[in-house]
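Colleague: Take a look at the letters that make up each chain.
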Amino acid sequence: MKSISKTAIIASACLVVCLAASIILLRRVDRIRPQATLDEVLYISSPKVLKRASLGYDGLMADIYWTRAVQYFGHRHFLYSRSYNELAPLLEITTHLDPHLLVAYQFGASFLAPKPPNGAGQPQRAVELMEYGIQNNPDEWRLYYNLGFVYYMELKDYAKAAEAFERGSKVPNAHPFLKVMAAQMAQHAGEFETARALWTATYQTTQDRQIRANALEHLRALRVDEDVFHLQELVNEYQQKIGIAPSNLNDLVAMGMLSGIPVDPDGHAYKLTADGRIEVSEPDEFPFITEGLPPGYKPAPPKFHVQP
Amino acid sequence: MSARIVFIASNTFREAVRDRVLYNLIAFALLLSGAAILVGQISIDIERLVVINLGLTAVSLFGIVIAIFIGIGLVSKEIERRTLYTVLSRPVRRWEFIVGKFFGLAGTLVVNTFFMAIGVFAALLYVSHKFARPDALIFVALYFIILQFLIICSLALLFSSFSSPLLSAVFTFSLFVIGSFAEDLRGFAGMAHGLTRWLASAAAYLVPNFSALNVISSIAHEQPVAVQLILHNSLYAMVYAGAALSGAILIFEYRDLK
Numbered sequence: 001m002k003s004i005s006k007t008a009i010i011a012s013a014c015l016v017v018c019l020a021a022s023i024i025l026l027r028r029v030d031r032i033r034p035q036a037t038l039d040e041v042l043y044i045s046s047p048k049v050l051k052r053a054s055l056g057y058d059g060l061m062a063d064i065y066w067t068r069a070v071q072y073f074g075h076r077h078f079l080y081s082r083s084y085n086e087l088a089p090l091l092e093i094t095t096h097l098d099p100h101l102l103v104a105y106q107f108g109a110s111f112l113a114p115k116p117p118n119g120a121g122q123p124q125r126a127v128e129l130m131e132y133g134i135q136n137n138p139d140e141w142r143l144y145y146n147l148g149f150v151y152y153m154e155l156k157d158y159a160k161a162a163e164a165f166e167r168g169s170k171v172p173n174a175h176p177f178l179k180v181m182a183a184q185m186a187q188h189a190g191e192f193e194t195a196r197a198l199w200t201a202t203y204q205t206t207q208d209r210q211i212r213a214n215a216l217e218h219l220r221a222l223r224v225d226e227d228v229f230h231l232q233e234l235v236n237e238y239q240q241k242i243g244i245a246p247s248n249l250n251d252l253v254a255m256g257m258l259s260g261i262p263v264d265p266d267g268h269a270y271k272l273t274a275d276g277r278i279e280v281s282e283p284d285e286f287p288f289i290t291e292g293l294p295p296g297y298k299p300a301p302p303k304f305h306v307q308p
Numbered sequence: 001m002s003a004r005i006v007f008i009a010s011n012t013f014r015e016a017v018r019d020r021v022l023y024n025l026i027a028f029a030l031l032l033s034g035a036a037i038l039v040g041q042i043s044i045d046i047e048r049l050v051v052i053n054l055g056l057t058a059v060s061l062f063g064i065v066i067a068i069f070i071g072i073g074l075v076s077k078e079i080e081r082r083t084l085y086t087v088l089s090r091p092v093r094r095w096e097f098i099v100g101k102f103f104g105l106a107g108t109l110v111v112n113t114f115f116m117a118i119g120v121f122a123a124l125l126y127v128s129h130k131f132a133r134p135d136a137l138i139f140v141a142l143y144f145i146i147l148q149f150l151i152i153c154s155l156a157l158l159f160s161s162f163s164s165p166l167l168s169a170v171f172t173f174s175l176f177v178i179g180s181f182a183e184d185l186r187g188f189a190g191m192a193h194g195l196t197r198w199l200a201s202a203a204a205y206l207v208p209n210f211s212a213l214n215v216i217s218s219i220a221h222e223q224p225v226a227v228q229l230i231l232h233n234s235l236y237a238m239v240y241a242g243a244a245l246s247g248a249i250l251i252f253e254y255r256d257l258k
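Chain order of the listed sequences is A and B. In terms of my numbering, the first sequence opens at residue 1 and continues consecutively. In terms of my numbering, the second sequence opens at residue 1 and continues consecutively.
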């Protein structure tokens with residue numbers, strides 16, 4: 001009995017030591033060959049082969065591939081990567097495995113369409129993904145909305161955007177907002193108003209916390225873009241009237257062109273640079289702004305201010 | 001059902017429990033609870049889908065593995081241990097022995113599925129916080145999975161009645177894989193001509209059609225299942241299992257057990 005206990009103790013100790021050593025060694029091996037990470041590898045790229053190989057359990061396989069797509073995008077986004085080569089194939093596989101996985105279309109389009117580093121910069125692939133989604137789920141008005149969104153925001157194709165919203169408005173139980181958007185696109189309404197309307201609709205029609213947070217962040221950025229745009233117009237107007245550029249924004253207030261020093265949504269005052277440009281004080285707080293950025297500014301990772 | 005069949009079936013069930021078959025429930029519980037907790041953190045918006053897809057896939061695959069690995073030994077093990085001679089020396093007919101074994105294994109799998117179903121619903125409650133009316137569709141998927149088990153059990157018994165356990169496992173598993181491609185096989189038959197068409201069509205109708213019994217993905221998306229499909233699938237599974245069982249009885253009836 002005694003010898004058995006001794007053997008058991010030694011075997012247990014060996015087991016623990018060997019397991020711990022194998023983990024340490026594997027971590028060292030990973031450091032030696034960093035390219036060995038799996039995120040760039042797509043062993044089977046054919047959705048049809050994968051569907052067959054899943055032996056009918058394609059729903060679970062689709063969930064696994066969707067999780068892979070999310071992890072792939074998140075990992076590369078975190079690294080400020082500008083290439084997302086495997087994202088579109090991963091999404092294609094996911095949606096072929098489960099054509100009714102709506103979340104893969106909705107989030108997939110917002111991963112694919114925006115320019116790097118906020119997305120993969122592949123709006124055409126996003127359009128293809130959405131069209132495939134619509135083909136398989138013709139009664140889902142959100143897919144038409146997302147398609148119109150990509151056409152409007154990323155491709156600036158107002159005719160196609162209007163067409164997508166129009167198609168969506170005919171779907172049973174479609175949000176009435178789609179009809180309004182179709183008309184607005186057709187009229188080529190002001191870009192800020194249309195973009196605000198789109199993001200507001202996104203915010204109001206989704207239950208997903210992350211999509212709402214993203215929409216709010218875009219609405220904040222839109223307000224900043226619009227403020228900078230109008231302030232820049234006022235600076236130019238001042239220069240035309242007086243002949244010299246204003247030295248700071250107080251000059252515009254003194255001229256009665258502004259009622260006070262304007263502030264961004266966080267309460268920071270906008271700055272007027274020596275070369276007459278309007279800049280935001282804290283650009284890192286507004287990851288999606290396109291106006292008022294300092295020259296050569298490198299964007300920080302997006303942070304979401306409001307948890308709706 | 002005769003008392004002798006019930007007796008053999010209950011013994012088969014007891015033997016399976018003694019063989020610690022139900023231990024797979026622990027692995028299943030760990031898998032499902034792990035997935036329910038982790039998926040929300042590593043993916044987006046598919047917690048409910050994963051619990052249903054993973055839960056039902058695991059119920060199906062665990063059950064199929066159990067059906068194959070127990071089914072293939074049901075006859076051969078009795079011969080090997082020579083317990084079959086004791087059984088058959090009593091007033092038990094050979095066909096009763098086969099049918100009893102079938103019901104014993106099917107019963108084991110139904111009990112196993114029952115406990116797994118509790119796990120699936122518990123995980124679903126954990127991620128959704130409440131049950132919705134479409135969740136009742138999961139019962140349909142579970143029922144279809146049990147129908148799958150009946151077919152697999154009968155096939156394992158059929159092969160077990162004349163072949164070694166290893167070959168029986170290979171045959172049964174191969175038929176499960178081919179059966180998952182049954183609709184493709186039928187599609188291939190439709191494209192072929194002449195003798196190839198006949199052979200492909202015959203093969204397509206001969207292998208069990210498991211794809212019609214797999215509704216996991218559509219249930220996960222809350223798509224209803226037609227009552228007619230439930231009826232036809234039930235009849236199909238019973239008829240197919242009946243055919244395989246009849247084959248097993250025929251072979252076993254004429255098998256020289258000396």
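Bear in mind the hints are in silico, worked out from the structure with no lab data behind them. It is possible that part of the hints are untrue.
Claimed, not checked - Computed far set for chain B versus chain A, every beta-carbon distance over 12 Å: (1) ARG18; (2) LEU38; (3) VAL39; (4) PRO91; (5) LEU166; (6) PHE176; (7) ASN214; (8) ALA220; (9) ALA226.
Unchecked claim - So the derived label-pair ranges between C-beta atoms look like this: (10) A:ALA11 with B:SER2: 31 to 41 Å; (11) B:PHE7 with A:CYS18: 17 to 27 Å; (12) B:PHE188 with A:CYS18: 33 to 43 Å; (13) B:LEU235 with A:THR206: 19 to 29 Å; (14) A:TYR43 with B:LEU235: 35 to 45 Å; (15) B:PHE7 with A:TYR43: 30 to 40 Å; (16) B:LEU38 with A:GLN204: 43 to 53 Å; (17) B:ALA29 with A:ASP208: 27 to 37 Å; (18) A:CYS18 with B:SER2: 29 to 39 Å; (19) A:LYS271 with B:ALA29: 25 to 35 Å; (20) B:ARG14 with A:THR206: 46 to 56 Å.
Glycine included, C-beta positions come from ideal geometry on N, C-alpha and C.
Colleague: Are the hints correct? Go through all of them and say.
Modeller: Hint by hint, here is what the structure shows:
1. A cut-off of 12 Å between C-beta atoms confirms that ARG18 of chain B is not in contact with chain A; the least separation is 26 Å.
2. Listed as a non-interface residue, LEU38 of chain B fails to keep its Cβ farther than 12 Å from every Cβ of chain A; the least gap is roughly 10 Å.
3. A cut-off of 12 Å between C-beta atoms contradicts the statement that VAL39 of chain B is not in contact with chain A; the least separation is 7 Å.
4. The beta carbon of PRO91 of chain B is kept farther than 12 Å from every beta carbon of chain A, the shortest such distance being approximately 44 Å.
5. Every beta carbon of chain A lies more than 12 Å from that of LEU166 of chain B, the smallest distance being close to 22 Å; the non-interface claim holds.
6. With a minimum CB-CB distance of about 8 Å to chain A, PHE176 of chain B fails to clear the 12 Å threshold, and the non-interface call is violated.
7. Consistency note on ASN214 of chain B: stated as away from chain A, yet its beta-carbon is not over 12 Å from all of that chain's, at 4 Å minimum.
8. Not every CB of chain A lies more than 12 Å from the CB of ALA220 of chain B, the least distance being 5 Å, so the non-interface label is violated.
9. At roughly 17 Å, the least C-beta separation between ALA226 of chain B and chain A is larger than 12 Å, which holds for a residue marked as non-interface.
10. Between ALA11 of chain A and SER2 of chain B the CB atoms are about 52 Å apart, so this pair departs from the stated range of 31 to 41 Å.
11. The supplied range of 17 to 27 Å is broken by PHE7 of chain B and CYS18 of chain A, whose beta-carbon atoms lie about 49 Å from each other.
12. A hinted range of 33 to 43 Å for the beta carbons of PHE188 of chain B and CYS18 of chain A is inconsistent with their spacing of about 51 Å.
13. At roughly 44 Å, the beta-carbon separation of LEU235 of chain B and THR206 of chain A lies outside the given 19 to 29 Å, and the hint is violated.
14. The beta-carbon spacing between TYR43 of chain A and LEU235 of chain B, approximately 41 Å, falls within the hinted interval of 35 to 45 Å.
15. A C-beta distance of roughly 51 Å is found between PHE7 of chain B and TYR43 of chain A, which places it outside the suggested range of 30 to 40 Å.
16. The supplied range of 43 to 53 Å is broken by LEU38 of chain B and GLN204 of chain A, whose beta-carbon atoms lie about 31 Å from each other.
17. In this structure, ALA29 of chain B and ASP208 of chain A meet the distance hint of 27 to 37 Å, their C-beta atoms being roughly 29 Å apart.
18. For CYS18 of chain A and SER2 of chain B, the hinted distance range of 29 to 39 Å is not satisfied, since their beta carbons lie about 56 Å from each other.
19. Between LYS271 of chain A and ALA29 of chain B the Cβ separation comes to about 59 Å, which falls outside the hinted range of 25 to 35 Å.
20. In this structure, ARG14 of chain B and THR206 of chain A meet the distance hint of 46 to 56 Å, their C-beta atoms being roughly 54 Å apart.
The structure does not agree with the numbered hints 2, 3, 6, 7, 8, 10, 11, 12, 13, 15, 16, 18, 19 stated previously, though it agrees with the rest.
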